[in-house]
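Student: Assemble the whole structure, with the sequences as input and the hints as a guide.
In case you want the letters, here they are:
There are 2 protein chains.
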Amino acid sequence: MSYLGAIEAGGTKMICALGREDGSVLESVSIPTTEPARCMPQILEFFQGRGIDALGVGCFGLLDLDRNSQTYGCITTTPKLRWRNYPIMRCLQDALGVPVGIDTDVNAAALAEATWGCSRGLGCSIYITVGTGIGVGIIVDGKPHHGMIHPECGHIPVNRRSDDPMVRGVCPYHGSCLEGLACGPAIESRWGRSPAELADCEAVWALEAYYLGQALCSYIYTISPERIVLGGGVMNQQQLLPLIRAEVNRQLGGYIKGKGLNDLDSYIVSSSLGGRQGIMGCLRLAADALEEVQHGS
Amino acid sequence: MSYLGAIEAGGTKMICALGREDGSVLESVSIPTTEPARCMPQILEFFQGRGIDALGVGCFGLLDLDRNSQTYGCITTTPKLRWRNYPIMRCLQDALGVPVGIDTDVNAAALAEATWGCSRGLGCSIYITVGTGIGVGIIVDGKPHHGMIHPECGHIPVNRRSDDPMVRGVCPYHGSCLEGLACGPAIESRWGRSPAELADCEAVWALEAYYLGQALCSYIYTISPERIVLGGGVMNQQQLLPLIRAEVNRQLGGYIKGKGLNDLDSYIVSSSLGGRQGIMGCLRLAADALEEVQHGS
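Which chain is which? The protein sequence lines are X and B, in order. Just so we're aligned, residue 42 is where the first sequence starts under our numbering, counting upward by one. Just so we're aligned, residue 42 is where the second sequence starts under our numbering, counting upward by one.
It is possible that part of the hints are untrue.
What the hints assert, rightly or not - Only pairs whose alpha carbons sit at most 30 Å apart, straight line, appear in this in silico DSSO-like list of lysine-lysine: (1) B/Lys121 <-> B/Lys54; (2) B/Lys121 <-> X/Lys298; (3) X/Lys121 <-> B/Lys121.
To be verified - Examples of chain B residues toward chain X, derived with CB under 8 Å: (4) His186; (5) His187; (6) Met189; (7) Pro192; (8) Cys194; (9) Tyr262; (10) Ser265; (11) Tyr296; (12) Lys298.
No wet-lab data here; the hints were simulated from the structure. A quick note: this is a predicted structure, and the numbers were derived from the prediction, not measured. Note that the Cβ used here is the ideal one computed from N, Cα and C, for glycine as well.
Tutor: Here you go:
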């Protein structure tokens, strides 16, 4: 067994872990996401001298994941100004001297679900986190999908429900894109209380399911995943998942049938990895980076 | 060189062709898409005794493209009742005794663009046809993407423009999905004249570009293609493409930058294969089917 490092680099905290290629986490710490000059030394301190064979990073973005690019492994566009254009992968590689694998935080989680979780054994699946933002990771042919940049389909345009009381969604770039209308802060902004405090308000969750169900239909028509896994803080509202399934069924309008759509209860599911999907995915990225160095890609 | 057959199976006509693996078409006929009992013998008559080595079919759908399915190569859901559940691939294979490759009509066109057209050499690209319907083919890692079923993202939900005079779109399944609001018949239904007759009406094309631009943003966020190729009858309106590019730029809101997005004129383009992208893609499907038989997949 190898000894692997993992960093789940989020907007508020950096979870650093030591673990194995079977996804087991042996030890972890949480470091606040301050600016790089303060945060990176704390991260390096955790890993230095621990003898890791490789490191995997699942990072907020946007990221440059083009291996032929001069800025491969850099954070590019982000509202966190200090992290804009920050070469996070190269800094870690230079300081730790081990192979580093990097992908988006949500692609890492999607990879964990495809490796050990609900999407195990499936060629094409997606993972959606609904929390402070909305992020989507996509697996095609067992690998995280990138394309030109990488999926950012938390920001797709959606059809607003005419009785939505919110005039403009909270996305600083698009206003009323999916994230702008359906992320946790959008719920709080619209109804004046946090999602947890609104647990008993049916109207809140019906509207949330309308938007998330619509997004899932869009992903089903575009990616055609074999399974959809949902995670993130907003999904802790247990009443939400059945409402999303009902909206997907209603909004598909019977156009696509068969396969997973015959059984939405097992097609649209909650993560089975108990919140560890992000960090486990980073361990898988580390294992893949090590494998690539040892055996070529 | 091999001698290949190709069928571009559309809703109104079946284009049957003989050609080569370099995409060259040697001979072709157009057969009206009546019912299978009448149409299939005409198709078989064209190919029988011609000595083709393999056949490629790009077909309207939905299709079952799951090779492990008992109904692989069948048309499944379609408004054309006589073609519903029709085993088109097996019928052709049995009658002609050659390997048959099948995919959606738009995946075939996307494959032709990736092989000989605007998307040559790119790993991830999409082809969109805007005509009687709206169809999208997706190439990932150089291969047509399927996932659970196959892309059907002409039917994604879209945000209606508040001043759109059409009360309900023309999609029989969803009403006001993208296809329902932006296909050729939607334009004709909304404005009372055919797209060609409306060429000089700025309002028509501004609204059309609003919807198509929105869809392209959605595909960019989800698939992150390296190039987007547009074809189909509605795109014959030359004024439309620049308007779509402008809408994409506006609606992305500066959220994703760099790469292709720095030069939308070469990122969002018209097909360069002069309407032959569909049938050429079928020749590529035939060549791939032959290759698979000769050398294993």
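Student: What are the numbers of the hints that this structure violates, sorted from low to high?
Tutor: 3
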